[in-house]
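Visitor: What follows is the residue order along each chain.
Number of protein chains: 2
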Amino acid sequence: MLSFLKEKLRLLVITDKKLKPNIVKAVEDALRGGATSIQLRLKESSTKEMIEVGREIRRLTRNYEALYFVDDRLDVALATDADGVQLGPDDMPIAIARELAPNLIIGGSVYSLEEAVRAESEGADFLGAGSVFPSPTKIDARVIGLNGLREIVKKVKIPVVAIGGINASNAEAVLKTGVVGIAVISAVMGAEDVYRATLELRKIIDMALGHGEPP
Amino acid sequence: MLSFLKEKLRLLVITDKKLKPNIVKAVEDALRGGATSIQLRLKESSTKEMIEVGREIRRLTRNYEALYFVDDRLDVALATDADGVQLGPDDMPIAIARELAPNLIIGGSVYSLEEAVRAESEGADFLGAGSVFPSPTKIDARVIGLNGLREIVKKVKIPVVAIGGINASNAEAVLKTGVVGIAVISAVMGAEDVYRATLELRKIIDMALGHGEPP
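Those sequence lines, one after another, are chains A and B.
Here my numbering is used: position 106 in the first sequence is 106, and no number is missing along the way.
Add 1000 to the 1-based position in the second sequence for my numbering, that's all there is to it.
Worth flagging that the hints you see were computed from the coordinates, not collected in a lab.
Treat the hints with care, since some could be wrong.
As a list, the in silico SDA-like pairs of lysine to any residue whose alpha-carbon atoms are at most 25 Å apart [to be verified]:
no.: 1; chain 1: A; residue 1: Lys43; chain 2: B; residue 2: Ile1096
no.: 2; chain 1: A; residue 1: Lys48; chain 2: B; residue 2: Arg1098
no.: 3; chain 1: A; residue 1: Lys17; chain 2: B; residue 2: Pro1093
no.: 4; chain 1: A; residue 1: Lys43; chain 2: B; residue 2: Pro1021
no.: 5; chain 1: B; residue 1: Lys1017; chain 2: A; residue 2: Gly88
no.: 6; chain 1: B; residue 1: Lys1048; chain 2: A; residue 2: Arg142
no.: 7; chain 1: A; residue 1: Lys18; chain 2: B; residue 2: Leu1042
no.: 8; chain 1: B; residue 1: Lys1048; chain 2: A; residue 2: Ser45
no.: 9; chain 1: B; residue 1: Lys1048; chain 2: A; residue 2: Thr137
no.: 10; chain 1: A; residue 1: Lys43; chain 2: B; residue 2: Ala1141
Here the structure is a predicted model, which means the values were calculated and not measured.
Next comes chain A alone, as it looks inside the complex (with noise of 0.2 Å):
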């Protein structure tokens, strides 16, 4: 299972409607590339149309075997049969979701080494640290650098994945800390082309992590 969920968590594309208002569309070309992950992210919008667009997103990823997780919402996770959901420090804790959702893989956002610390044992399954860099969609987000992130890698023993300003210009790098995968937002999701961008970012990764074990 463990390493199931590495290999699947080499490239976490999350949704931006802002960027890219047809989600669903996206959603296909990122799977097309090679997305491994894709994160459901809809704040402003109402539950009645997260469902809608999950249930979009739960046939693609089927469709191209990757995992669909959504972003702090327990309630759209559940009703879209998705494989998990990311928890921040603003969102419903952790221990909480493992209860309600005894299922669900549950990912914790962090933001510091105390708080990689914290959702560990609270027990997420995984971790997306950041902000590596400073990111383009999340202006006010805390920035740990490639240091911070190698410390979160050391001393957590669940997968870790980064996220915040990655592109593939420093994917590489990233990838050095140890860490199981990237996530994106607007790397792909800002892209013109969505499709060439994931393919673009999933060849480095693939490079930088070996082509994983067979399928």
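Starting from the structure of chain A, add chain B where the hints point.
Guide: Positioned in the frame of chain A, the structure of chain B alone reads:
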């Protein structure tokens, strides 16, 4: 169960952070004044804050033997052990919520006869129907009037709670339509003295509906 639910739906008070930023204090004042149900409605807050406030409301409603509902958010309802969830046309479909949380009481928010019939058929336990009058807190809501409300009450078999612009001066007329109770935001949360405003409404309700079955 049904007559218990009907009794507890006499006076449903909905939170409003803009009108009363100290939600927990306002809820306690409303409960002291005789609110039989509280609905947590907290649209622009983090999930973490919703859960923190929800836990306090859970504790208070237990003390006052009132029901505790959450607007829209099934995840917050589950995380705070709410009695139920209130779902409108932009929220999670009632049938999905019923499947995910078979033990929750589900209230459907409906704004027309058509929506009322659909919510009943999808499995709602009761309806919040409105807006009866133009409402100061929901300016864009559709107004169904006393006649629209009467039609809904006649058509569905589940209990109906009236909502929208209801206050001490029009509550009696509303209660004559056959609803089991009223739901209010401004009439209570917009009052200087939440306790007195609730007390006054509760008196009007008990006069109109009788004193109900002994507990």
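Visitor: Run the distance test for lysine 18(A) versus leucine 1042(B): straight-line Cα separation, threshold 25 Å.
Guide: holds (24 Å)
Visitor: For the pair supplied as a hint, lysine 17(A) and proline 1093(B), confirm whether the alpha-carbon distance does not exceed 25 Å.
Guide: Holds, at about 22 Å.
Visitor: Taking only the CA atoms, is the gap from lysine 43(A) to isoleucine 1096(B) under or equal to 25 Å?
Guide: holds (21 Å)
Visitor: Are lysine 43(A) and alanine 1141(B) close enough, with their CA atoms no more than 25 Å apart?
Guide: Answer holds: lysine 43(A) to alanine 1141(B) is near 23 Å, not above 25 Å.
Visitor: Take a quick look at whether lysine 1048(B) and threonine 137(A) sit within 25 Å of each other, Cα to Cα.
Guide: holds (22 Å)
Visitor: CA of lysine 1048(B) to CA of arginine 142(A), is that 25 Å or under?
Guide: holds (19 Å)
Visitor: Are the Cα atoms of lysine 48(A) and arginine 1098(B) separated by 25 Å or less?
Guide: holds (15 Å)
Visitor: For the pair supplied as a hint, lysine 43(A) and proline 1021(B), is the alpha-carbon distance within the 25 Å limit?
Guide: holds (22 Å)
Visitor: Next pair to validate is lysine 1048(B) with serine 45(A); report whether the Cα-Cα distance is within 25 Å.
Guide: This hinted pair holds, its Cα atoms lying about 18 Å apart.
Visitor: Please work out if lysine 1017(B) and glycine 88(A) have their alpha carbons no farther apart than 25 Å.
Guide: holds (23 Å)
In terms of the numbered hints stated before, the structure departs from none.
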